[in-house]
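A.B. asks: Here is what each chain is made of, one letter per residue.
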Amino acid sequence: MNTSETFSRWDLFTETFFNQRLIDEYSGAIAKGILITCEIAVLVVFTGIALGLLLAMLRSYRFLPINVFISCFVDILRSLPPLVLILLAYFGLPSIGFSMSGFLVLWLVLSLILAAFAEEIFWAGILSIRRGQWEAARSTGLGHTQTIVYVIIPQAIRMTVAPLTNRTIAITKNTALGTVIGVGEILNQASTAQSFSGNATPLMMGAIAYIVLFIPVVAIGRWIETRFAWRRI
Amino acid sequence: MDTPQPILEAQDLRKSFGTLEVLQGINFSLLPQEMVFLIGPSGSGKSTLLRCFNRLEEPTGGKIIFDGVDLMSPDVNINTMRQQIGMVFQQFNLYPHLSVTKNITLALRKVSKKDSSEADEIAREMLKRVGLEEKANAHPDELSGGQQQRVAIARAMALEPKVMLFDEPTSALDPELVGSVLQVMQKLRDSGMTMVVVSHEMRFARDAADRVAFMSEGQIVEEGEPGAIFENPQQKRTQDFVSEISR
Ligand SMILES: Nc1ncnc2c1ncn2[C@@H]1O[C@H](COP(=O)(O)OP(=O)(O)O)[C@@H](O)[C@H]1O
Ligand SMILES: [Mg+2]
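So the sequences go chain by chain: A and B.
Residues in the first sequence are numbered from 1 upward in steps of one, following the numbering used here.
Residues in the second sequence are numbered from 1 upward in steps of one, following the numbering used here.
Treat each hint with caution, since some may be false.
Unchecked claim - Short derived list, chain B residues pointing at chain A, Cβ under 8 Å:
{"#": "1", "residue": "155"}
{"#": "2", "residue": "159"}
{"#": "3", "residue": "227"}
Treat the hints as calculated values from the structure; they're not laboratory data.
For each residue, glycine too, the CB sits at the ideal point set by N, CA and C.
Work the whole structure out from these sequences, hints included.
C.D. replies: This is the structure in structure tokens:
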């Protein structure tokens with residue numbers, strides 16, 4: 001093989017993916033994208049998990065109409081591709097008088113999807129707690145809500161940490177879908193820059209930004225998993 | 001002289017699971033400071049009866065009168081009533097995520113609305129009574145079965161119940177740990193606690209119980225003083241059961 005040819009291919013590669021001029025030019029935009037991605041991700045994690053927990057707790061009252069509603073909500077949201085829901089909410093809702101910013105739509109839709117998965121995970125956790133725990137608590141006069149808050153959930157959480165972490169990471173990565181409704185998150189910034197510059201460097205910057213952002217999240221997830229698994233029942 | 005009023009009474013109590021009638025019209029009454037043993041073959045409905053007494057199980061018929069209050073009445077606050085009816089389970093059912101002290105204080109703080117320091121003080125006192133003061137900060141999984149059951153007894157005692165129900169409190173224990181739990185129950189008995197105990201610890205029943213009731217197939221077949229039931233049972237089913245367990 002010809003050395004100069006290899007050399008020029010290497011040049012072409014760095015020119016395409018790691019163009020220094022473009023890195024300088026667009027690092028500000030990517031940084032802004034990182035900030036917005038973080039904002040949405042944090043909001044989605046909190047509202048999604050809180051709503052999921054609330055739904056699972058409601059379900060424990062075993063009140064039929066509510067449980068039918070929760071089951072439908074969960075099954076529908078888990079079966080729809082997130083992009084479909086995002087487009088539907090962003091382009092459909094204004095026609096019936098609900099106009100929301102892309103940011104709000106992304107937050108809302110991803111939160112609802114995470115809530116649906118989280119509800120199932122929490123519910124499985126609640127069901128895994130032995131009946132004797134309920135009976136001990138109720139026999140001392142604790143009500144249903146007190147029992148679930150002080151006795152059942154703290155134990156159920158242990159078994160939900162691993163699946164919940166995985167699901168949460170998967171859904172926060174879906175913040176990239178915001179690009180189709182003009183939310184200025186990482187992918188949106190990167191692909192805008194890519195079409196302006198005609199070069200893939202901004203996309204590579206975006207990919208690196210995702211890695212930098214999510215590797216710590218994955219690591220924290222693993223840490224939480226081991227921390228919560230320590231004491232066997 | 002007045003005859004004392006029963007503290008707990010079941011009148012024609014019935015419970016069905018689907019088509020299976022597990023309690024077939026139980027009449028039972030318990031006087032203050034009495035200790036009654038409930039014996040009978042597995043599946044005869046002893047646990048179900050005990051659990052109906054505090055409505056962990058909803059009866060399908062009949063009445064439960066506790067301290068003059070009809071527990072089935074719709075305007076009874078069952079949570080307040082349950083604080084006066086302590087329950088101890090075969091599997092201990094301590095809360096594994098809480099320390100021994102927190103196990104005891106949870107209901108004191110959340111239901112009796114005592115502040116933490118007062119609740120902790122009560123927990124300390126109860127642990128002293130069951131001989132486990134030094135385990136106040138341990139977690140349940142650091143305790144032996146016998147110690148766990150004594151904590152469970154302390155948890156029930158802390159609410160100062162008027163009656164305590166024991167469902168096979170020593171059946172899940174290794175034989176060498178049974179004695180420590182029976183000792184605590186004996187102390188409770190000596191302090192005047194009213195108790196219903198499902199247990200086949202015959203020797204303990206003979207020493208401590210005022211009365212033994214024999215259940216079979218959802219009915220109380222025979223009851224009387226321990227000596228009478230164990231040595232001189234009148235009913236065929238009681239005779240068969242007693243000779244079975246004394247073998
Ligand atoms: N939750 C339940 N659902 C259906 N059947 C039950 C339930 N609990 C108890 N039973 C049945 O009721 C009968 C009496 O049970 P139990 O009161 O536990 O008896 P014991 O304590 O005397 O062994 C058994 O036949 C048991 O299978
Ligand atoms: Mg039983």
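A.B. asks: Which of the listed hints are broken here?
C.D. replies: Number 3 only.
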